[in-house]
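A.B. asks: Given the coordinates of chain A, assemble chain B onto it according to the supplied hints.
The listed protein sequences derive, respectively, from chains A and B.
The numbering of the first sequence is our numbering, which starts it at 1 and goes up by one.
The numbering of the second sequence is our numbering, which starts it at 1 and goes up by one.
It is possible that some hints are incorrect.
[Stated by the list, open to error] Under the rule of at most 30 Å between Cα atoms (straight-line distance), these lysine-lysine pairs were calculated in the DSSO-like manner: (1) B:K8 / A:K105; (2) A:K239 / A:K271; (3) A:K125 / A:K79; (4) A:K117 / B:K8; (5) A:K140 / A:K117; (6) A:K125 / A:K105; (7) B:K131 / A:K79; (8) A:K140 / A:K105; (9) A:K239 / A:K185.
[What the hints assert, rightly or not] Which chain B residues stay away from chain A? Per the calculated CB distances, all over 12 Å, these: (10) L29; (11) S95; (12) V119; (13) L133; (14) V147; (15) T159; (16) I163; (17) G165; (18) T225; (19) Y227; (20) V238; (21) Y241; (22) V267; (23) F309.
Just so you know, the hints here were simulated from the structure itself, not pulled from any lab data.
Treat the numbers as computed from the prediction; the structure is a model and nothing was measured.
Beta carbons: idealized from backbone N, C-alpha and C, even for Gly.
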Amino acid sequence: MALQVEDLRVHYRTMRGDVRALDGVSFGLEDGEIMGLAGESGCGKTTLGKSLIRLDGRMRHVGGTAVLDGEELPINDDKAMNARRFNDVSIIPQYSMSAMNPTRKIGKLTADLLRAKGKSYREVKPELVRRLELVGLSEKVLDNYPIELSGGMKQRMVMVLSTLLDPSLLIADEVTSALDVSNQKAVAETLVRFRDLGFVKSMIVVTHDLSLVYQIADTIMIMYAGQVVEKAPADTIIKSPSHPYTQALIGALPEVGLEYGDKRLKSIPGKPPQLLNPPTGCRFRARCPLAHDRCAEEPPAVQIADDHVASCWKVES
Amino acid sequence: MGRYFRRKLLIYGITFFIAVTINFAIPRLMPGDPVARMLSRNAVSNPESSEALRSYFDNLFGLDVPMWQQYLNYWGALFQGDLGVSIFAFPSSVSSVVLDALPYTLALLLPSILLSWFVGNGLGAMAARNKLLDNTVLPIGYLFTAVPYMWLAILLAWTGGIILGWFPVAGGYSFALLPAPTWTFFVDLVQHWFLPFLSLFVVALGGWAIGMRNLVIYELESDYTNYMQALGAPQRLVRRYAFRNAMLPQISGLALQLGVVVGGALVTEAVFAYPGLGSLMLNAIQNQDFFLLQGILLFIVIGVLLFNFLADVVYVLVDPRTRLGLEGGQS
Chain A
1 MALQVEDLRV
11 HYRTMRGDVR
21 ALDGVSFGLE
31 DGEIMGLAGE
41 SGCGKTTLGK
51 SLIRLDGRMR
61 HVGGTAVLDG
71 EELPINDDKA
81 MNARRFNDVS
91 IIPQYSMSAM
101 NPTRKIGKLT
111 ADLLRAKGKS
121 YREVKPELVR
131 RLELVGLSEK
141 VLDNYPIELS
151 GGMKQRMVMV
161 LSTLLDPSLL
171 IADEVTSALD
181 VSNQKAVAET
191 LVRFRDLGFV
201 KSMIVVTHDL
211 SLVYQIADTI
221 MIMYAGQVVE
231 KAPADTIIKS
241 PSHPYTQALI
251 GALPEVGLEY
261 GDKRLKSIPG
271 KPPQLLNPPT
281 GCRFRARCPL
291 AHDRCAEEPP
301 AVQIADDHVA
311 SCWKVES
Chain B
1 MGRYFRRKLL
11 IYGITFFIAV
21 TINFAIPRLM
31 PGDPVARMLS
41 RNAVSNPESS
51 EALRSYFDNL
61 FGLDVPMWQQ
71 YLNYWGALFQ
81 GDLGVSIFAF
91 PSSVSSVVLD
101 ALPYTLALLL
111 PSILLSWFVG
121 NGLGAMAARN
131 KLLDNTVLPI
141 GYLFTAVPYM
151 WLAILLAWTG
161 GIILGWFPVA
171 GGYSFALLPA
181 PTWTFFVDLV
191 QHWFLPFLSL
201 FVVALGGWAI
211 GMRNLVIYEL
221 ESDYTNYMQA
231 LGAPQRLVRR
241 YAFRNAMLPQ
251 ISGLALQLGV
261 VVGGALVTEA
271 VFAYPGLGSL
281 MLNAIQNQDF
291 FLLQGILLFI
301 VIGVLLFNFL
311 ADVVYVLVDP
321 RTRLGLEGGQ
331 S
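Next comes chain A alone, as it looks inside the complex (with noise of 0.2 Å):
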């Protein structure tokens, strides 16, 4: 297993108090595994992807674990976390269209983060000349500014910057966000294709976006409110989810095929909670059609199959 978490809680810091933006978080993530991350805006995905790299300011890891590789990610430590970022762990930021130095060539900013990893330019060179053909750019990008690239450009250049260590674990931050339909789609596929020629060994793609990380996901995790409700393989979360918010979401997602005429699409009811002080049991109760009274509970995880896990009182294994 290249990635274990177990109860990660991550709070950020704010005036009222502490918002529990992750509680309790526990996955794993197999060698070779592209997880999809999704979930309503609020719902902690960022929050997770950010704590296996690097916490902001605000962000104060309050328990909980991750192993990678079979070492644990010394999270809560800036300096010792230096020596596994960009080696062991990599992002694609939600940002790459203004994630370069504006006034650094991106060769000379390639070469200043290799040194700092004490690796060779001029060894990695050739390698990450062959990469960039690749992803359909040519040499002569590294004498460029990244203003005379488009976003696009950019976006890719980013893709294999951050992976030119060949990391063990890749976290994918909305990386779709800011590009058509098109781009959509070539940047997805080149995740996969990273992961199939092992640049990356497996990778957490965070998004909003269920039916692009349907296409490249091999499992899908669903979180809600700082927690996780469901993860299972990608297949499974869309044609038969067991939990009820997941079944809600993907309830929400058009079909294509069908003919909607004058009907809306449904919608889940009601707002997520407020994770400033998160109501105790199941935090989907609220807005859950099947809610009893058990649901004031924590519910368990439910193991429905080897690699299918929902966190609900109604589902049986």
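C.D. replies: Chain B only, in chain A's frame:
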């Protein structure tokens, strides 16, 4: 890029023309008659000789022809490098009077601007990453920039000159000495120079430090910094990038500051009775010395335009974004 500079040069040319024209007009719009003033100063009581002197001076200064003729003559003389004769320092030429004052102003302003820029940027950049330093540099910086020049100058003259008695409070050098290339005279110059320099340095320092601190913090919170940190780049590299990018606006700011150098620091020079261009300008206004005032303003205009142009050039050189924008980056 050639097109860009041609256009810039054209704009600067037009600005120069307009500035010189205004420069010509303003002294003549001032109330009073400089020649009458000169005559009264020379205490010429005899009406006949007064009349003769008057026409002599009018002719000498070129005031006896219509305004439009004066204007054309002014341009003509300008291109020959002739700025006319000073009324207040008659019969010295304007050029020589200005050139006498210029070294004092440059010696005062160049070091204070450059030093405050270097020290301020250094302090600001350090404050941006050190909480303790930030909590001291920032309030002191705000205090310094908010202080009016003349108030600080008076305060410094009072403490350094009157109470402590370490420095003289007025003049460019002691009245007891004559300018000579001797050690004594040089020490005397430096002593007179120090307090005005300090007042200018301190006020400018705060501004640079605050500006740099904010710029560095902005850069340290930018996306590219975040990305570098996520890829485990060491603090040293992150700070180097942030510092370099934060310097760009400061560099053009410096060029603009240097543009006003030739104007002198009128208020500071007035407080310390320092014989620079600022004091000279004050004298020229008080004595309705058209020609001297024109000459000084011309120096200022040329200085501002020159350094503005320099700022344009420097910015194009140091920031690839501007440079590539002009060349039309490849897509």
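A.B. asks: Indicate, hint by hint, whether the structure satisfies it.
C.D. replies: Hint check results:
no. : hint            : result
1   : B:K8 / A:K105   : 28 Å, holds
2   : A:K239 / A:K271 : 25 Å, holds
3   : A:K125 / A:K79  : 27 Å, holds
4   : A:K117 / B:K8   : 45 Å, violated
5   : A:K140 / A:K117 : 24 Å, holds
6   : A:K125 / A:K105 : 15 Å, holds
7   : B:K131 / A:K79  : 19 Å, holds
8   : A:K140 / A:K105 : 11 Å, holds
9   : A:K239 / A:K185 : 22 Å, holds
10  : L29             : 48 Å, holds
11  : S95             : 44 Å, holds
12  : V119            : 24 Å, holds
13  : L133            : 18 Å, holds
14  : V147            : 34 Å, holds
15  : T159            : 43 Å, holds
16  : I163            : 47 Å, holds
17  : G165            : 51 Å, holds
18  : T225            : 8 Å, violated
19  : Y227            : 4 Å, violated
20  : V238            : 10 Å, violated
21  : Y241            : 5 Å, violated
22  : V267            : 38 Å, holds
23  : F309            : 22 Å, holds
Consistency note: the structure conflicts with the earlier hints numbered 4, 18, 19, 20, 21.
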